[in-house]
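Novice: These are the residues of each chain, in order.
There are 2 protein chains.
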Amino acid sequence: MKDDALRYPGSRRIYVAGTIHPELKVAMREVEQHDSVFPDGSTEKNAPVRIYDCSGPWGDADYRGTVEQGLPALRAAWIAARKDVEKDADGSLKAADLAHPPTQREYALRGIITPEMEYVAIRENLGRMQAYQSVCDAFSQQSLCPADEVGTGMPRPSELEKQPGFSPESMTLRADLAYQHPAEPRPGNRIPAFYTPEFVRQEIAAGRALIPANINHPEAEPMIIGRNFLCKINANIGNSAISSGIEEEVEKLRWAIHWGSDTVMDLSTGKDIHKTREWILRNSPVPIGTVPIYQALEKCSGRVEHLSWPIFRDTLIEQAKQGVDYVTVHAALLQRFVPHTARRATGVVSRGGSIIAKWMMLHQEENFLYTHWDEVCDILATYDVAISIGDGLRPGSIADANDFAQLAELEVQGELTRRAWDKGVQVMNEGPGHVPLHLVPENMRKQLEWCYEAPFYTLGPLATDIAPGYDHITGALGGAQIAQRGCAMLCYVTRKEHLGLPDREDVREGVVTYKIAAHAADLAKGHPGAQLRDNALAKARFEFRWEDQFNLSLDPHRAREYHDITLPHANAKSAHFCSMCGPDFCAMKLTQEIRARENAEKTSNSGLAEKC
Amino acid sequence: MKDDALRYPGSRRIYVAGTIHPELKVAMREVEQHDSVFPDGSTEKNAPVRIYDCSGPWGDADYRGTVEQGLPALRAAWIAARKDVEKDADGSLKAADLAHPPTQREYALRGIITPEMEYVAIRENLGRMQAYQSVCDAFSQQSLCPADEVGTGMPRPSELEKQPGFSPESMTLRADLAYQHPAEPRPGNRIPAFYTPEFVRQEIAAGRALIPANINHPEAEPMIIGRNFLCKINANIGNSAISSGIEEEVEKLRWAIHWGSDTVMDLSTGKDIHKTREWILRNSPVPIGTVPIYQALEKCSGRVEHLSWPIFRDTLIEQAKQGVDYVTVHAALLQRFVPHTARRATGVVSRGGSIIAKWMMLHQEENFLYTHWDEVCDILATYDVAISIGDGLRPGSIADANDFAQLAELEVQGELTRRAWDKGVQVMNEGPGHVPLHLVPENMRKQLEWCYEAPFYTLGPLATDIAPGYDHITGALGGAQIAQRGCAMLCYVTRKEHLGLPDREDVREGVVTYKIAAHAADLAKGHPGAQLRDNALAKARFEFRWEDQFNLSLDPHRAREYHDITLPHANAKSAHFCSMCGPDFCAMKLTQEIRARENAEKTSNSGLAEKC
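So the sequence lines, in the order shown, correspond to chains W and L. Counting in the numbering used here, the first sequence runs from 767 upward without gaps. Counting in the numbering used here, the second sequence runs from 767 upward without gaps.
Just to be clear, a hint being listed does not mean it is correct.
Where chains are identical, the list cannot tell them apart; a pair therefore holds if satisfied intra-copy or between any two copies.
Derived SDA-like pairs (lysine to any residue); straight-line CA-CA distance at most 20 Å [what the hints assert, rightly or not]:
{"id": "1", "residue 1": "Lys811", "residue 2": "Arg1109"}
{"id": "2", "residue 1": "Lys1041", "residue 2": "Lys1065"}
{"id": "3", "residue 1": "Lys1037", "residue 2": "Glu852"}
{"id": "4", "residue 1": "Lys928", "residue 2": "Arg1102"}
{"id": "5", "residue 1": "Lys928", "residue 2": "Glu1181"}
{"id": "6", "residue 1": "Lys811", "residue 2": "Arg1069"}
{"id": "7", "residue 1": "Lys860", "residue 2": "Ala839"}
{"id": "8", "residue 1": "Lys791", "residue 2": "His1335"}
{"id": "9", "residue 1": "Lys811", "residue 2": "Leu772"}
Keep in mind the hints are simulated off the structure, nothing from the lab.
Taking the hints into account, I'd like the entire structure generated from these sequences.
Specialist: The structure is reproduced here in structure tokens:
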């Protein structure tokens, strides 16, 4: 892969120091902007825009490392300084004493702010550093309320107009482009005006958020998953039985995080699983998740009947020692739920779920992951591996959404969540799948209620079954709605879902589509910094700063490419018109004239406002 | 364009007769399905699936007409039979007596069911003809309730399990794939279990729906726009100053309706506007909309100051005589609202809105479309042209959403709606634009309240500003949510929006994306037939009937193409596995084994259910 393809134009990676932990270097991407040029020839500076950046050192033009070397061990010193781990015979780290496991949850409960916590606090503020430093002790929170009840009290404009002293200036217009509805309550969340390390600690201690950060994956930059933070997305990679090799998998990783994937799951099922994962981990600045039962099944040559707790346990330990940050374990799928899937439209569609279901049928025994849950949690606590409790009975079609089997497993996910928390383990819950839009809020509410507000991590959900080839979009429709109501992370679906394996362009399209869904939800949740980028891009668009519009977008390459297809000449990028209306007539150009005239008239004290 | 590209595989166009009007031949598309083949070798027939079809005669393999001939005049006899029109000097039809205008609204108010009304009733039932005929007199309606409060009373599965007699069979599982939640109330709509001509009439009489059907466009197949029907979508075509010719525009029309566009707006702004529109109308089986002020401005050589009521009036009449089915008129943008846009992030972004705003500034007069509203309505009533009251002040960015200017215009749209209804004119209201997801419900509620439940017709809305190149998706996110809450029609946005002019692939991608959003909303609204296609496709998927899965999808060509990239061999389409998990292990295959085993055990009376 050429490095050019992995660079964003007009921007650079920057690093911000911490306050509680001054040694922190929190990475962000900063997009430079051109000056505004007004019709009267005057100009105005536009501040650079800071953007959340998942690309790690790979996104830094000054970084000179190679895939063979692996990334620098960013967190090694932090982990060592806590003096709660020891080296195993094979050189990997493990807890020195499970009475105090080296997990972020344990520290949060003990009231300790780790460097990881301050790192994510700064990251979530999206570069609003001045504000961050001044309010580092503050802690504001908003009330819990339904997601879509914003602005119901808005009066009729004709009533407003009758009020004494009414004028355009009396309205709360946003000349400064600050957020329009700052005081309005938002969706079932507690979003602070500014993120502080203490807020992060409280959210982790409450179980509402987690920082997946295995002590054996020091290369990862800390990130947080929780509904009171930016909504995150995950991309899946992994060689299947049918295709791809190791180098290709590392390339896929870099490609996915370049576009903004916050975590990556390695779902490899073929040969060389261990070796592939090692390369991925050593080169990944984002948390890596896995589904260990896939590898356990490979060890049984694919024979489900040969699976057993010891084989799974050894696989889990092997992966934990390598540095896997979170694992999907389908422990909530109980034996008595299986008959409820027999009459479903699409039965069991989760791969892990069907493995466990088959194992229980063959052995006529309860799910060994459920019966060994405490031992699973002890292993995870030893390495600070977070648990992502699987949803093996997720619906595979609209017809099966929110049925008994799905909700029965969800209820058990709640029980297992509590038990994992008691062991100091960080937890999230996996969710569907295929869910029509009117059943999404119900699904989200039940998860919050039954799973004690543990972060929800859903696959889509896909809002319809009829669009194979476009399932990145059907999934984004459900994803935006569930994230708006509190889902903490969305697993992407590519347009090849249900049909084939994704290639590079499918991954790009999929990641960007889910960034859109997550960002739309962040705006709706009222994340305090989310709209800054929208505002900057809208201003650039309005002022015909084409390059800035491209550079501020989620996919600058594509924005430029589409523009250039219609207007390829370089001077079209400085022209005060666009291809939709042509050079003779442009709505935005006209508005600029209106604005200029309005300003001129205001200066001469005989403006349109007075005349009306 | 090759005709192959305009054919759907495995399906044919069929025609269904009416009951009240037996002469009707209501067009649908019917997809054949293969038999199910079960693991034990037994088979089962699968009924063909009927799909709403917008392609008109062009989608009928037996149709032999040409673009030069134009389409057959399907409605000519119906219009003539009503004896309420007369021929003008130029051969076009007009009302014989404006006291009883020849509009669908007028007939609905007089209690008369037109052929158009029965046509759409049959169409909306999606081929459920048996049921249709048996309930043709019935009229059921559901209560008005919030869109996202479905299923809140669902008990915990663990409580259900404690009930005496509980078993998998006691649950309301959907072996017949009927809709899962038939009895649950749905989103702010009154969706009947079956559509009847009388229901259609009542909805039109109440102003909640319209059938855009100019008496001079007899080629169009009747379709209905209203929130208690299937959500519709519109695609824009039109040569701009920069590109394209007449033949190309007819090709674009056929392409857009092939993919499912329910109406098409011709937004041409260059030369030959009249001639281009003539070709489009004579070849269009769907209603055609326009924005007459574009052509009026062309007549003034683009000089806004030269615009006047007489020029606009003559243009409106010219278009009405040609057969335009609905027109956007920006009459609700009042002079006193303009100053409220000066401090917006993105001012006025509607082309029509900025023309009117500029005209008002130059002339220091009230909007001539507002002051001549009664005359506008008289012209529209003369030809049964529906009015789409424009939203010239729609927000062009997240920052401007739901601001005073937007809502002030919306309130005036309500006033004009009433006045148009009083003239017998069918009405809908246009809406934004750029709106973050949490402000969408407020926008929808205000439109329903202030505009007396007239159908809402929105452009997107786009849920964020940061994704140029992907704005078909940002618009689908907002579109699905607003349609779910009652928006009747979505205007598509292509991925070239804000950047350039759409090509064929952009139109295909855009139309299919909005079909997804509209269909997702139909499921959420509880449209009684919408889920039949999901259920059929899910069943085909589960049973590895690959060809059926492709053929039932919104874009069969793409589904097949994506499948074949990974597994190109013909026998892969009959294989009981897919490329995601490979031949050795497949979740769906495993589930089929579980189901077979479950059935076998049930037969031998020693099933898993009893053991648990």
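Novice: Within a copy, between copies, both or neither: where do Lys1037 and Glu852 come within 20 Å Cα-Cα?
Specialist: Result: close neither inside a copy nor across copies, 31 Å intra and 79 Å inter.
Novice: Regarding Lys811 and Leu772, is the shortest C-alpha distance of 20 Å or less found within a copy, between copies, in both, or in neither?
Specialist: neither (28 Å within a copy, 52 Å between copies)
Novice: Is it within a copy, between copies, both, or neither that the alpha carbon of Lys928 lies no farther than 20 Å from that of Arg1102?
Specialist: Classified as between; 13 Å across copies, 66 Å inside a copy.
Novice: As a check of your reading, is Lys1041 near Lys1065 (CA-CA no more than 20 Å) within one copy, between copies, both or neither?
Specialist: within (14 Å within a copy, 71 Å between copies)
Novice: Is the C-alpha distance from Lys928 to Glu1181 at most 20 Å within one copy, between copies, in both cases, or in neither?
Specialist: Answer is between: at 18 Å across copies they meet the 20 Å cutoff, but 57 Å inside does not.
Novice: At most 20 Å between alpha carbons: which applies to Lys791 and His1335, within, between, both or neither?
Specialist: neither (41 Å within a copy, 52 Å between copies)
Novice: Measure nothing new, just compare the shortest in-copy and cross-copy C-alpha distances for Lys811 and Arg1069 to 20 Å and report within, between, both or neither.
Specialist: neither (65 Å within a copy, 34 Å between copies)
Novice: Are the CA atoms of Lys860 and Ala839 at most 20 Å apart within a copy, between copies, both, or neither?
Specialist: So Lys860 and Ala839 pass the 20 Å test inside one copy only (16 Å; across, 80 Å).
Novice: Checking an output row: Lys811 and Arg1109, CA cutoff 20 Å. Within, between, both or neither?
Specialist: between (64 Å within a copy, 18 Å between copies)
Hint compliance for this structure: hints 3, 6, 8, 9 are not met, and every other hint is.
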